[in-house]
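Colleague: Chains Y and V supply the protein sequences, listed in that same order. Once you know that position 298 of the first sequence is 297 in numbering that gives the first Met the number 0, the rest is easy, because the numbers rise by one and skip nothing. Once you know that position 128 of the second sequence is 127 in numbering that gives the first Met the number 0, the rest is easy, because the numbers rise by one and skip nothing.
The set of hints was computed from the structure by calculation and includes no laboratory data. Model, not experiment: these values are computed from the prediction. Accuracy of the hints is not assured; some may be wrong.
Beta-carbon label-pair distances, calculated as ranges [stated by the list, open to error]: (1) Y:ALA86 x V:LYS317: 34 to 42 Å; (2) Y:VAL74 x V:GLU74: 32 to 40 Å; (3) V:GLU339 x Y:LEU94: 24 to 32 Å; (4) V:ARG380 x Y:VAL275: 15 to 23 Å; (5) V:GLU260 x Y:THR62: 18 to 26 Å; (6) V:GLN150 x Y:VAL275: 44 to 52 Å; (7) Y:ALA150 x V:GLY155: 56 to 64 Å; (8) Y:LEU94 x V:GLU260: 47 to 55 Å; (9) Y:ALA63 x V:ALA102: 42 to 50 Å; (10) Y:THR125 x V:VAL397: 23 to 31 Å; (11) V:GLY155 x Y:VAL275: 50 to 58 Å.
Virtual Cβ for every residue (Gly too), placed ideally from N, Cα, C.
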Amino acid sequence: MSTVDVLLQQIVNGLALGMMYALLALGFTMVYGIIELINFSHFSVFMTGTFVGLVVLNLMGVTAVSKSLTGFALVGTLVVLFAATMATTGVLGVLIERICLRSLRHVAGTAPMITTIGVAFILINTMLLIWGPQAQRFPQLLPNWRWAVGAAEVTFKQVVLFVVGLVLMLALSHLVKRTTLGKAMRATAQDADAARMMGIDVDRVVVLTFFLGSALAGAGSLFFGLYYGFTGYYIGYTTGLRAFTSAVLGGIGSIPGAVLGGLFIGLTQSLGGQLVGVKWTDVIIFSLLIIVMVFRPNGLLGAHVPQKA
Amino acid sequence: MNRRILVAGTALLALVVMLTGLPGGLRAQGKVVKIGLSLPLTGADADGADAILKGAQMAVTEINAKGGVAGYKLEAVVFDSATPAAGQYDPAQAATNYKKFIADSLVMAAVGPVMSGEGKAISPILSEADMATITPSSTNPDITDPKFQPQYRPKGKAVYFRTVTTDAYQGPNMANYLFHAQKIKSVFVLDDGGAFGVGIADSFQKRAGELGVKILGRDRLDPKEADYKTILTKIKGLNPDALYYGGVMQAAAKLAPQSFEVIPRAIKAGSDGVYDLSWPKQSGKEAVDGWFCSQASPELVTSGKLEAWVTKFKKEMKRDATNYAITSYDAVLVIADAVERTAKANKALTRTNLRDAIQATKMGSIQGPIAFDANGDILTRTVSIYQWRDGEIKYVGVAPEK
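Bound conformation, chain V alone (with noise of 0.2 Å):
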């Protein structure tokens, strides 16, 4: 008799341990849509990586405050995708918290990565899962590209859309514009060791090369090493027009000072990589005058339509919006309406249906028509270009597509 008991208690004890050990709790399910955030909160691209975490999180708070989506409420799981050991993203880090999301039976879906080179690693992971993630800022092309099919999406459909478009347009349109409206005529081009960074320094070379600029070196920066006078003092020796740098922030830090120096006159371009808002404080205004950057995505900070957005995000996120925090914001309005559809069509709202959701986007967002190709690229495709001057970051204007 008392063993009974006993057992009973146990096995009481159990369930209750189980059911208040389930992600979430069972109350909260079909209340919740949990949207999972992998961004590389610290590291040397911590402010980009910030400027998206607060898009999103402003996007989940004005829907949340409009009494949520389809009777349910978002709510963002944030993780932090860099490392110290790497000082950067890291995609081993980026996978495993993607696992942890597809753990998190309440997460539908997911906003990012924020680097290509975390996108990489997580693609195939999403695609098992068959759950959608939508990248604000990550651009490598071979990522969605239906000849790596079985490398990135092995069950075949698309799980990694875009609110940008890729360095299949990025680099190129560069290209395309350093030589028509630079009139460069030779260039060499460097980048990080990173999938972006060599992704996108391989577009432009390739489109940089088919409009006759002769290509008088390509090397690779180590984004840890402290001097890169080496390949600078070759660069010079090279005497070219241009400089372009596939890359992000950890080696421009460096690269920009020392280029100042070594190089001084050469015009020097790089992408989105180096599109952020802490380059002078890193390196000193004066060096980073004149570096030309790109945008992935239409202008729209300063573009005055969105001129309420960006003051109400300053207003209530205490920094600087970037054209990523945009993009990042529309990530979310892309899920929710993608929700909402799915609960009007009275489909269960699981991570399959809202692929599909997602998949059939078709919707005015703030930075314009949403719309996704069959593998998850967006159908618009304006590449924008910058330059820095006097410490800050002016649109120039869209960039060539030929």
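Chain Y on its own, in the form it takes in the complex (with noise of 0.2 Å):
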């Protein structure tokens, strides 16, 4: 392979990558929207997520060894997957919101933020207690279809999570811009007293977003899975360090925004390796993003921070 054409595979690497932390910011950021609470609890909700799918696939009778699915079967196998995975997720996060966070809306300060933190350590712990500490495989059951682009390789499984990650943008922003449900989170986030004397019943609002948000994170769980082939415990740590820092890099709030992050980071993280190191990943991304936030402290698209009355 010649330097090019390392560097254009880092890209394709790159991109995946990026869209990876894009899925995940997605959720995290609408939440971060509508009711202006970093919810930590989002990226453990993720990982259960994958542990969800194994389980489901499990019941389907489909393990990691055996053989791959296609044509009609394949297709059923992911409806359900997606199906009833992020119905569980979603449901995880109602009761989240419902038992841990709802108490405490009108509570000033970071207590709601360290609360999601202890949900996460809850979540994180409860999955170590039942799946122990070990990798565990995930059933492969995208097909392994491969191009070449010069001597760069684009895989089917990327492709997919590129167009998947830009569709459900895409989706969010219109749920949110543009129908009644949306028009009713922006008016929550802007002022639940007033959407509440309009009429909107706010309390379903909130459950509703993070039942959609908790939802994604089930989605992009799968998405993990089926692409790396494997989830533990602790996955949402890193990934969701990671995906976090997208969402405030694109600007904390903004959908958009948080699809450019995760592609920002992706490809920082991608290029970085290769031309510095793996090792100083971490330092390369975290310099930007103070960089970043210095020059532009809302983020590269800006935060949409509700207005207050």
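With the hints as a guide, dock the two chains, each given alone in a separate frame, to form the complex.
Modeller: Below, the structure is given as structure tokens:
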């Protein structure tokens, strides 16, 4: 491989990796946009989602060593897998909101955020106790097609990841900007009391936001499992930290910003690893974050901070 | 008068509480020798640690079944040294565990730690307390190297003994093997950022360089990272004959499948950090196949002469034996032997006297002769080479020493 080919390959790798961060950042940034809560448990819900997916697949008789599915069997399996996993993580998100966060909604300061960190630890340790510490293999359902672009390679999985990320971004933007629910969400974001006076069921809007955000985390978790072929109780940590950084970099609360931030960090990681060394990855990423924050404190696309009345 | 009774009563009560609160209680004093075991029983390396724990437990059970040693019963005190936050061994937790051992006056010696990163944290603590530990698996040479004496044993005397040899041999001998037997001309070296991983990758790289193997690069994996495609793509671009990985399982679980995908043809080798029977289950059989790994001990499990032991272990402990289960078993035998010699010499059974006795060990154990140099390292320096084939670890042979 020539240097150019290697760089091309790294760009492909970086875009796919970035989309993975973006998938995770989307739900996170949406919840922030509506209720201004930094929800660290989002990344643990994502991690839990990979295990939910694993259970769903095992129930359908698909394991890491069973032979690969094709045609309708594959499509059917994927539909059931995504529906069941996203519903489960969505409900998990609703439970977290109902049990842990609703009573703290009017508490000022960092208490709700700290609570989400607590929830994250509960989920992490629960999964550790149930599944044990070792990496679990995730069945490789998607076909291993690959195409050559010069000497670089693009895999089918990378394409799927990329397309799904973009579609979700557009769908979510549309939902927030153009639908009645989105309008209710934005109204709640701007002034919950006024929204209530206008007849919006604020609790319902918040619950739906959490359901949607957590279902997105569930979808992200399945792509993680299908793409990397493994899961472990700790995956929410590093991936989550990068996704969080993506959201902040892109402008927390901004849906296109989350995707832009994710791609930026994915590319930084792969090109930084190629040109400098992967041991410098975090140094490079967080240095760039600081530089961006110094010049654009609201992130690349500016934070959509709700205007409080 | 009433007040006097109250004072006396309170004093009596306080005394009772104090006595019963003493570790182990005074009754047991003089009859039990506790051995501290601090092992990463959860986390990515749990399987290896479990084998080591059971090796030690089997020795303790056997010795007690024979009536103990010199009138003492042995008792294992077991702590986990892994934390959920680390997802694997945690040096700070290991240090906490060893401080607990030292606070328990009946703990006379310890078996462990499993990881060199833990070893670096606990060795100075042991030196202060003059208590010996015997590690069945941690191989970083710095801990016992006299050059680092002020750092790891400030009081001077050896406290860190080993029933395995060190990476001063394990890393270089793998380089010798890959150079002589696999004829590699270039290599890319990775480590996992742990004390063990960095150390063994350094010693491998140094020896490979001396042999004239071209070192195409050196980098570090974050064990918690999911995506190693960046570094593997970089390696693919450099097209080395071999990839060497110094480190343990958390990163290896992801390195194996991703390197299988990106650089399927390169020769891949690790150390005893990837001699882990659960690897194919974690990473997939086909991804693990072909990987070389090593042990800082002679091959014992399949050697034939320990067949009876291996069978008994499997039956009683309900798991497969590993070489480090055997070196752990031997570590307990060394402590028992030292207790016996201390008692025979009519010396008080203290940590200091037991350490001195362990230092003077000269015994034949199930792995072979055990004796230590002045730094605590075992005098036998055999490194064994293995290869994963069809989901199983196969013994290849003893690594060349030159």
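Colleague: Please go over all the hints and tell whether each is borne out by the structure.
Modeller: Against the structure, the hints come out as follows:
1. Y:ALA86 x V:LYS317: 34 to 42 Å: holds (39 Å)
2. Y:VAL74 x V:GLU74: 32 to 40 Å: Check failed, 60 Å falls outside 32 to 40 Å.
3. V:GLU339 x Y:LEU94: 24 to 32 Å: violated (59 Å)
4. V:ARG380 x Y:VAL275: 15 to 23 Å: Violated, since V:ARG380 and Y:VAL275 (Cβ atoms, about 38 Å apart) do not stay within the stated range.
5. V:GLU260 x Y:THR62: 18 to 26 Å: holds (20 Å)
6. V:GLN150 x Y:VAL275: 44 to 52 Å: Distance hint for V:GLN150, Y:VAL275 is violated at roughly 31 Å.
7. Y:ALA150 x V:GLY155: 56 to 64 Å: holds (59 Å)
8. Y:LEU94 x V:GLU260: 47 to 55 Å: violated (38 Å)
9. Y:ALA63 x V:ALA102: 42 to 50 Å: For V:ALA102 against Y:ALA63, whose Cβ atoms are near 45 Å apart, the range 42 to 50 Å holds.
10. Y:THR125 x V:VAL397: 23 to 31 Å: violated (46 Å)
11. V:GLY155 x Y:VAL275: 50 to 58 Å: For V:GLY155 and Y:VAL275 the Cβ distance comes to about 43 Å; the hint is violated.
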